[in-house]
Each structure stands twice: as structure tokens, then as C-alpha cells.
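Given chain A's structure and the hints, the job is docking chains B and C onto it.
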Amino acid sequence: MEIFEVVSMGMVASVLYLIIKDKQPAIAYFIVILTVISLFLYVIQYVREVLHLITYLGDMANIHSVYIKTILQIIGISYVAEIGANIVRDAGLESVALKIELVGKVFILILAVPIFRSLVETIIGIFPM
Amino acid sequence: MKWIGFVCVIGAMAWIGHEVATKLAQRPKLIRMLKNALQIFEAEIVYSHATIQEACQQIATQIPDPLSQFFQHVTDRLDKNPDSLYAIWKEEVNNCWQTTALMNSEKEIILQFGRTLGQHDIVQQQKYIQLAQTHLDRKLADAEEMNHRYGRMTRSLGFLAGLFIALLLL
Amino acid sequence: MLGDTSILFQIAGIGIIVAMIHTILKQMGKEEYAQFVSLVGFIIVLLFVLNSIQDLFQEIQTVFFFRG
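Chains as they are written, first to last, in our numbering: chain A, 1 to 129; chain B, 130 to 299; chain C, 300 to 367.
Excised from the complex, chain A in its bound form (with noise of 0.2 Å):
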């Protein structure tokens, strides 16, 4: 059961930021960051793999790969934005955090731009004019 290698590693960690945190609390927030980091770094693993299922899928079902791809995209960029949200919050940066997510928002929504044109387009074309 990797919870327990994942729930000890944060037990870890806590207790080593929280005897450092008075001293140096610059490396202290390191700590945090990079039991955050390589969270992410173990999950990512398992992330890849429904990742792959998802392209099969989309493969199998003659879906162009540019959807697919955008959808991934798309994805990652939520990942990236929670990761950067969630590291600059722990510093106490919660206005910082908010902005990121926003930009990760609205860079989601350039990306989906192509996708909802091509669905307009062919909304327009099953209609004649």
C-alpha cells in the first residue's frame, strides 16, 4: 500500500519543518516544497498511465489527435497551476496563489478557443443556409 509510504513521508516532513521552522525558516519552507514536489513526482506515475488510457481510447475511436492532445494539454496546465498555487500558498502568498490560478484558468481557456471554433463550424455546417 504506497498511502502509507506517501502518509509516513508527510509525517516526516512536518516534523522536520516543524524543528527547523524557528531557526531558518527560509529552509524550513524548502522542505515543504520539496515533500510537495516529490508528492507530485510519485503521483505523476499513476497520472501517465490514465493518461495512455485516454489516447487508446481516443485512438480507438477515430478521435483527431487534436482534441485529444488539447484535452491533455489542458490538463497539465491545471496540474502546473495547482502545483504553483499550492507551493507559493504554503509561503503565505494567498493573493499570489489566487493570480495563478487565474492565469491557469485563462490559459485553459485559449487552448480550448480552436476546439469550441471547429464545434461552431460544424454546428454551422449541419445547417444550411
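No false leads were mixed into what you were given.
Okay, derived cross-link-like pairs now, SDA-like style, lysine to any residue, Cα gap no bigger than 20 Å in a straight line:
#1 K23/A with I342/C
#2 K23/A with L296/B
#3 K23/A with K329/C
#4 K23/A with L324/C
#5 K329/C with M282/B
#6 K21/A with M319/C
#7 K23/A with V339/C
#8 K164/B with Q259/B
#9 K23/A with I343/C
#10 K105/A with I359/C
#11 K23/A with Y332/C
#12 K21/A with I342/C
#13 K23/A with Q326/C
#14 K69/A with F356/C
#15 K329/C with E273/B
#16 K325/C with M275/B
Read the hints as simulated data drawn from the structure, not as lab findings.
Using the frame of chain A, we list chains B and C on its own:
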């Protein structure tokens, strides 16, 4: 293998710290010894009317090692050419200071003192000896304070630095 | 499987030692050296963290953005 390396690094750094600490501890001792030597010098010159060479010989027999060698060398070399006291003094001071824990400020005082040696009558000479004594007193207080403040610190600092490097190389 | 925890302990150790050196130097009255030591420790730890951030971002790029 890794752990042997760690022990080596930590041991070396701790040893360096220990060495610095012992040097710091040695300095007040040596300055006290120097003061002692000057006292003997004063007694020899003012009360026994000894020559400088005899006084140096006398000091060399009464003072413990690093300084006794210095005075012994001065005596020996004065035997060979008795003219250039200051040159001999200066050279021997330079030699002596390289190997001991004494610092440049004491060296300056002793060099100053050496310049006055044999230039004046007994009363003046006594005054110069006392002047050097007071200078050394100040340096002694200085050295003792430094030893008190930094002595134990350097030891733990060396050990911690070793630990730090070992951790970096982990 | 999980990225080894030893790096956490290493950084915690560096932090503790830097803190100790900092306090000792401060007691000696060498404030500027104390600050310098803190800075050096900070930079060293920063290098470690930068490495792992790079790892994470590269991994994310290969998984989500199909880039090598």
C-alpha cells in the same frame, strides 16, 4: 566506505578547530612568559649590572621552552659577533614568531624593545623595559579576552563545519 | 517507489547545522559572518530544490505536453 570518509572529514575539521583553539589558549600563556622574561631582564640589568648577553643567558635558563630557545639563540649569536645586537634580535624574533602562537602586535612590541637594548644607561633602560611591560600587559588582557570568547567556540565551530561538509557530500 | 526521503533529512540536517553555526557566530559577535553562513546554507538548499523542481517539470512536460 562512505562512513569512513565522513569520519575523516568530520575529524579533520574538528581537529582544525581544536588547533585554532589551542593556539588561542597558548597566546596569553606565552605573553605571560614574555613578561616574566622582561622582569628577569630588568632584574639582571638594574640590580646585577649584567651585560645583555649574560642577561639573555640567565633568561634562557629560567624560562620554559619556546622562549628559552629564542634567548639561547640570541646569546649564542652574540658570542660570535657582538656588534649587531639589533639585527640578531630582529632575525631571531622573526624566527621565533613563525613557530609560536604569538601575533604581530607582540612582535612589534618586542622589536621596539630590542631597538632600545644597549642604547641607554641603566635608568633609561629600566624605563624602556617597564614601557614594554605595560604594552605587554595590554596585549595580555586582549589575548585573554579573545581566548575566553573564541576558545570554546572555534572548537564547536570546526566540528559543525565538518558535519556540514559531510552532509553536503551525502 | 517514492523519491527517497533521505534528501529531506539531508536538508533538515543542513538547516540545523546552519542554525547552530549561526547562533555560535552570533554569540561571538560576528553578525556579518552569521548572515553569510545563513545565506550559503540557503543557496545550497536552493540548489537541491531547483534540481527536483526541474525533474518535476520535465516529467510533467513529457506526460501532458508530449515533449521530450
